[in-house]
Amino acid sequence: MAATLPPPRLLPSGDSAVTVEFSRTIDDAANERVLALDKALAANPIDGITETVPTYRSLLVHYDPGKIGFDALGEKLVPTAIQPLPPATKARRWRIPVAYGGEHGIDLEDVAKALNTTPDDIIARHTGGDYRVAMIGFTPGWSYLSGLDKSLQMSRRQSPRLFTPSGTISIGGIQAGIQCLAAPSGWHLLGRTPVRTYQLHRNPTFLTEPGDRVTFFAIDHKTFEELDRAAEAGEIIAEQVTA
Amino acid sequence: MSRLVIASIGPASSVQDGGRFGAQRYGLTVSGAMDRLSLAAANTLVGNEPFAAVIEIGPFGATFTAKDGAVRVAIAGAPRNADIAGKPVAMDNSVTLKDGETLTLGFARGGAFTYLAIEGGIKGEQVFGSLAVNARAGLGSPYPRPLQAGDEFTVDAASGAPELRIELLKPSTGPIRVLLGPQDDEFDDANKALFLDSEWKISATSDRMGYRLEGPAIKHLHGHNIVSDGTVNGSIQVPGNGAPIALMMDRGTSGGYPKIATVITADVGRLAQTTAGTAFRFEAVTMAAAQDEARKFAQAIKNLPDRLRSSDTVELNIEALSDANVAGYAVSAVDAGTWQVTAEP
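These protein sequence lines are chains V and B, in that order.
Read left to right, the first sequence gives residues 1 to 243 (this note's numbering).
Read left to right, the second sequence gives residues 244 to 588 (this note's numbering).
Take these hints with a grain of salt, some might be off.
Simulated pairs of lysine to aspartate or glutamate, EDC-like, Cα-Cα distance not exceeding 20 angstroms [stated by the list, open to error]:
| hint | chain 1 | residue 1 | chain 2 | residue 2 |
| --- | --- | --- | --- | --- |
| 1 | B | 413 | B | 549 |
| 2 | V | 67 | V | 103 |
| 3 | V | 222 | V | 75 |
| 4 | V | 150 | V | 109 |
| 5 | V | 90 | V | 28 |
| 6 | B | 462 | B | 432 |
| 7 | V | 67 | B | 536 |
| 8 | B | 539 | V | 130 |
| 9 | V | 67 | B | 535 |
| 10 | B | 435 | B | 526 |
| 11 | B | 539 | V | 71 |
| 12 | B | 366 | B | 311 |
| 13 | V | 113 | V | 103 |
| 14 | V | 222 | V | 212 |
| 15 | B | 545 | V | 64 |
These are computed hints drawn from the structure, not numbers from a lab.
Please build the complete structure, drawing on both the sequences and the hints.
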């Protein structure tokens, strides 16, 4: 039998949720354990758990204290959480089209200047990345990606913008993101994708799942308009690649 | 079928129910009624399921007119003066509006949210099992936005059932109880004590997403940037400026500020009904106590039908009348985007 992994911290998030924390920092290994625990709980549900929310470094487990108490839940969660990770399965990969720069990516030039290079070079580094959906949160479909090229990592804007458009493709700190709805943001806006990671009357409503792989490719602004109309009509325009 | 037409309504009023669960992992906000006990009480009065969709009315007044037939409704939550053509209607009672009659609700007198339940419920298209409005995501039905004058609901014709009142326990006026964590270790003992021992007031810039707390600045041990993790209703996060924010029903599903404490389930509605400017305190309780209170709270909602009484046993709600004599609740000039009423001394 393989050795077990170090136990996570169980942090109370009120009387009806527990944060199962594997790391205090962004760390791919911790994120893999989060997603593995999430999968294990979906496969073998614990009575009383109502919903789970994976994040970079922890799994938030909502539960009904009328069915199971904090201590009893912890005793059931920890043995599952310390199991060695199952062999990696092939992840889904999405190829996401992005119109970079100009009105769609108003920070591209500034990012290039700040990093002493050209906008084309920033695009090359961003499309060259191999990303993973670490978590989805904040607003519907906002996919937080790990895997940003180290040379693109820069601190967030001093003052967040109150409005950034739907489909914004941005970078902030060591993270990259696909934003679905218009929202406030302090990240640097490189471009926009016509892909909707969340669309109410489409099947599926949510495109991305934590654990999915993502790559970006550049499109011109005219192609953006065409794909945007198709997406608005409910077409899934992201290309799915089974690796 | 009858219709219930909104003749007038203030900001921060929307269709809400028990909330939208099951898709927080995709970033879908839960939403739902700010005060679940009052939601359930209003629904129970007209024979609905406790967490059925109702009209959540913000602190300003509203008027509703029955058309094409009679409509039976009930009101619970933040007390206000209510009448039909000058005849008073008591809080925590059902009442039937005859065709053409108008129910007029005044400003909230203490508290912020009043719940108008309609017999037979609100008809709409559920998303993830809920009609609750989340304006940011364009969700909610039949109107995916705050309500406005002219909106109307197609509703069941009134059943003619006898009117009921519900005998609720007087809500506690004690401190808002919290469990420390999940990130209380991001604060030293002095700052945890400062949080628990200080008097707090809710800022007038609060909304359904979060209640901003005014009081001493709480300092972090290691700065205010943590890696985003999950939030719950009642999470109290502390951003860089040290002014805590209690996350409410329209919260984002994840957040990147340290959360010093979490309001216990049984007290979230009480915090929601605390008006801007009213001083209050927090009190830390143990997990065992918090979970015991959560179970009692759930049981109290289940047992609400046992508290129904015939409406004619008491002519008027004496408590509402005496509350009305508590002078000094005035509406300040508030930002239209927020909903809070300022209680003036």
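(message) Which constraints among the numbered hints does this structure fail? Numbers only, ascending.
(response) Result: hints 2, 3, 8 and 14 break, sorted rising.
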